[in-house]
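All chains, full assembly: derive it from the sequences and hints.
Just so you know, the sequences run in chain order A and B. Take the first sequence: its letters are residues 1 to 435, numbered as in our numbering. Take the second sequence: its letters are residues 1 to 435, numbered as in our numbering.
No wet-lab data here; the hints were simulated from the structure.
Identical copies look the same in the list; a pair holds intra-copy or inter-copy alike.
Lysine to aspartate or glutamate pairs mimicking EDC-like chemistry, simulated, CA-CA at most 16 Å apart:
id	residue 1	residue 2
1	Lys9	Glu96
2	Lys7	Asp51
3	Lys7	Asp50
4	Lys76	Asp50
2 protein chains.
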Amino acid sequence: MAKKVQKLKGFPEWLPERELVQQHLIALLRHQFELNGFTPLQLRSVERVDDLLEQGETDKEIYGLRRLAADAEDDKEAKLGLHYDLTVPFARYVQEHRGQLTFPFRRYQIQPAWRGERPQRGRYREFLQADIDIIGSGKLEVRHDGQMIRLLQDVMRALPIPRVRLLVNNRKVLEGFYRGLGVEHIHETLRAVDKLDKIGSEGVARELRIAGLDDQQSKRCLELAGLEATTSAELDRIRDLGVTHDLLAEGLTELGIVLDACASDGGVVAAMRIARGFDYYTGTVVEGVFAEGDAPSVCSGGRYDNLASGSGQPLPGMGVSIGLTRIMGLLEDHLTQDRKTPAHVVVIVHEDERRAESEAVAAALRARDIPCLVSDVTSAYGKQMKKASQLGVPYVWFPGDTHEVKCIVTGEQASASLDDWRPDPEHTRLKLGAP
Amino acid sequence: MAKKVQKLKGFPEWLPERELVQQHLIALLRHQFELNGFTPLQLRSVERVDDLLEQGETDKEIYGLRRLAADAEDDKEAKLGLHYDLTVPFARYVQEHRGQLTFPFRRYQIQPAWRGERPQRGRYREFLQADIDIIGSGKLEVRHDGQMIRLLQDVMRALPIPRVRLLVNNRKVLEGFYRGLGVEHIHETLRAVDKLDKIGSEGVARELRIAGLDDQQSKRCLELAGLEATTSAELDRIRDLGVTHDLLAEGLTELGIVLDACASDGGVVAAMRIARGFDYYTGTVVEGVFAEGDAPSVCSGGRYDNLASGSGQPLPGMGVSIGLTRIMGLLEDHLTQDRKTPAHVVVIVHEDERRAESEAVAAALRARDIPCLVSDVTSAYGKQMKKASQLGVPYVWFPGDTHEVKCIVTGEQASASLDDWRPDPEHTRLKLGAP
Numbered sequence: 001m002a003k004k005v006q007k008l009k010g011f012p013e014w015l016p017e018r019e020l021v022q023q024h025l026i027a028l029l030r031h032q033f034e035l036n037g038f039t040p041l042q043l044r045s046v047e048r049v050d051d052l053l054e055q056g057e058t059d060k061e062i063y064g065l066r067r068l069a070a071d072a073e074d075d076k077e078a079k080l081g082l083h084y085d086l087t088v089p090f091a092r093y094v095q096e097h098r099g100q101l102t103f104p105f106r107r108y109q110i111q112p113a114w115r116g117e118r119p120q121r122g123r124y125r126e127f128l129q130a131d132i133d134i135i136g137s138g139k140l141e142v143r144h145d146g147q148m149i150r151l152l153q154d155v156m157r158a159l160p161i162p163r164v165r166l167l168v169n170n171r172k173v174l175e176g177f178y179r180g181l182g183v184e185h186i187h188e189t190l191r192a193v194d195k196l197d198k199i200g201s202e203g204v205a206r207e208l209r210i211a212g213l214d215d216q217q218s219k220r221c222l223e224l225a226g227l228e229a230t231t232s233a234e235l236d237r238i239r240d241l242g243v244t245h246d247l248l249a250e251g252l253t254e255l256g257i258v259l260d261a262c263a264s265d266g267g268v269v270a271a272m273r274i275a276r277g278f279d280y281y282t283g284t285v286v287e288g289v290f291a292e293g294d295a296p297s298v299c300s301g302g303r304y305d306n307l308a309s310g311s312g313q314p315l316p317g318m319g320v321s322i323g324l325t326r327i328m329g330l331l332e333d334h335l336t337q338d339r340k341t342p343a344h345v346v347v348i349v350h351e352d353e354r355r356a357e358s359e360a361v362a363a364a365l366r367a368r369d370i371p372c373l374v375s376d377v378t379s380a381y382g383k384q385m386k387k388a389s390q391l392g393v394p395y396v397w398f399p400g401d402t403h404e405v406k407c408i409v410t411g412e413q414a415s416a417s418l419d420d421w422r423p424d425p426e427h428t429r430l431k432l433g434a435p
Numbered sequence: 001m002a003k004k005v006q007k008l009k010g011f012p013e014w015l016p017e018r019e020l021v022q023q024h025l026i027a028l029l030r031h032q033f034e035l036n037g038f039t040p041l042q043l044r045s046v047e048r049v050d051d052l053l054e055q056g057e058t059d060k061e062i063y064g065l066r067r068l069a070a071d072a073e074d075d076k077e078a079k080l081g082l083h084y085d086l087t088v089p090f091a092r093y094v095q096e097h098r099g100q101l102t103f104p105f106r107r108y109q110i111q112p113a114w115r116g117e118r119p120q121r122g123r124y125r126e127f128l129q130a131d132i133d134i135i136g137s138g139k140l141e142v143r144h145d146g147q148m149i150r151l152l153q154d155v156m157r158a159l160p161i162p163r164v165r166l167l168v169n170n171r172k173v174l175e176g177f178y179r180g181l182g183v184e185h186i187h188e189t190l191r192a193v194d195k196l197d198k199i200g201s202e203g204v205a206r207e208l209r210i211a212g213l214d215d216q217q218s219k220r221c222l223e224l225a226g227l228e229a230t231t232s233a234e235l236d237r238i239r240d241l242g243v244t245h246d247l248l249a250e251g252l253t254e255l256g257i258v259l260d261a262c263a264s265d266g267g268v269v270a271a272m273r274i275a276r277g278f279d280y281y282t283g284t285v286v287e288g289v290f291a292e293g294d295a296p297s298v299c300s301g302g303r304y305d306n307l308a309s310g311s312g313q314p315l316p317g318m319g320v321s322i323g324l325t326r327i328m329g330l331l332e333d334h335l336t337q338d339r340k341t342p343a344h345v346v347v348i349v350h351e352d353e354r355r356a357e358s359e360a361v362a363a364a365l366r367a368r369d370i371p372c373l374v375s376d377v378t379s380a381y382g383k384q385m386k387k388a389s390q391l392g393v394p395y396v397w398f399p400g401d402t403h404e405v406k407c408i409v410t411g412e413q414a415s416a417s418l419d420d421w422r423p424d425p426e427h428t429r430l431k432l433g434a435p
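This is the structure:
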């Protein structure tokens, strides 16, 4: 092992007290996903580079793989790369196993993804994502889009993090509006408008000009981008702009269904400036941001009608992705949680010769599902307790003919029985601190 | 997405009904690890190639990474590769954060590792591992070796898999014995002996001759390799071979401590033919195999005194690794578990207009932590039930003024209340089938 260690930029790792928080978030997510009947999958981390590139974007910064011991055999095999999201691999998996799956197929997946981007605030080269997707065989009704956004809203609320606002839109609304204006370069226009929050309306106007839009078209696009709606009725604001196109009308209907499916508390807003970067989205798109501050998005997703389709029936899907690493990065400085172990109890060791006595206590507690550690040191009680306290463990246990338990938080000490003692949940639950 | 999909050899993925089993195994492991006070970590997947290579083995078949969009900047950065185990990254992490950790430090980690080996039975290019390790600052008493093996024994027993036999040894015993015989090339001798089960005693004898051992030395090495012991007293069989060396004596003492720490039911056996491949082991080594059959090892580990040490205090560690993918691969053909979703209930939809009624039932069940799905189709009840049955869901729920629940397993149907109905755990627990 190298003498000096130096962190790798863009590859975050957490200390135990932070990782316990991340695992707590993951456990909450899994619970919500499973309550809703999403089945877990853990897929391979690599895909054929050709499949990764096929989504047509050049800025995904794929990491290619090559065996250091590669030989001529390797050159005959497909080039492999690490996946940059969990959607493309999932679509590939569904296509590969379509004959063995029951549709619509719902899965959740919590795994890292990799992007070789230049590291910056909120941008990582390896990051953990929690995705849920539903894929239909042949078709997938728009009500699923609404249900997925509604579920995302519920799930984000169930997490002990700052309030998240979901900005939704529909690619058909944008594309239909642009087509209605006679715009030709739809893709470039979408990309320019999606940058509104980053580069401002003048910046967008400049990019639209490059994309070939005239001043009038550009003005109308920016007008649209400025609009928001929190109910399906408010979508009339967009219709009132006077642009007409079949695709626009279809998109507005779909967007209305999504808005109607969500809790009407202002937590979900149709925002016409949201387009999302991935090419594969074909309808609904969503992006979640902390309601306060200007942090980058913490979740996102959308509808993809053609991602998993190849030969045979189309396999349209709708999915959302929660950026666990991004959330952890944003919370990091505010977290006060300081327990460094899952243990709730440290069992004191009176002296080396009596270690077996403490091990027996630990075994009895574990048999009753109480996580615990036996003190690693056999020094003065004060020192053993200090170590427990350093670990953030709330209780120490003194074995004896009569057992005693001391709560480090309250300072109280009382006799306890191995048969029925339980830690106070108030002292064992993770306290994240007001974020 | 490519029109044709073709599996990648060596990168296994499971169908939902199998993944549910894997997740069940993972949940059991996490529970055991946390009960014992091991804290979770999720570390990055990449290391500097130099750090990976430093462990001195050439046969680990590392996957190197390179951004497809690499430029001159990239050439200035450290070359990166995917880790081939979870021990080397953990040791690096401990060294990096030694000032912020409380020692001895216990962690568990469940992540994939990658090795670019030619795929064959039980050998994968990407595989999931569950590791526990303990690392001390300055020193780590041998009793921890015993505790780790004992814990591994308990954990493997807690899994619903065939009985596992743990074969333990101590590198000091082997090295001390070889040195006592005057053998020079210790490393080569260890490697040759470790292949006994694979290439037989004649094969080993041949390799030992190549390693420079004379016939007498080779004969004694094979004599040792044939010995087993299930108690510390039985280790006298090794002492009785008459070879003496300080390191041998030290190793036998350590091995005795390990054997004494374990349940004496024959599940843990000191086997002198076990050496383990990794160079970084310095004392205790362990390898677990299904007691029946000739399957490859499903768990392994050992003591490493120098892996995490660099500048400052040494950081000796002891760890074991459970090969989840390997276990799944061995179980796969015997599994009968056929539920394809975490849902316990499918709520019937009477007709499209009444979908909201079914959604409300689902919400009420979920609020009481009962995982469920609302039927995706609105067809004849028989068809909706058939779909639930295809998914392996044990119950269907008929909403109404009086709700009714039908158990698909028993065929019984009865009225039920949203306030207190619960599924029978007998019908919801995963049934793995007799492995």
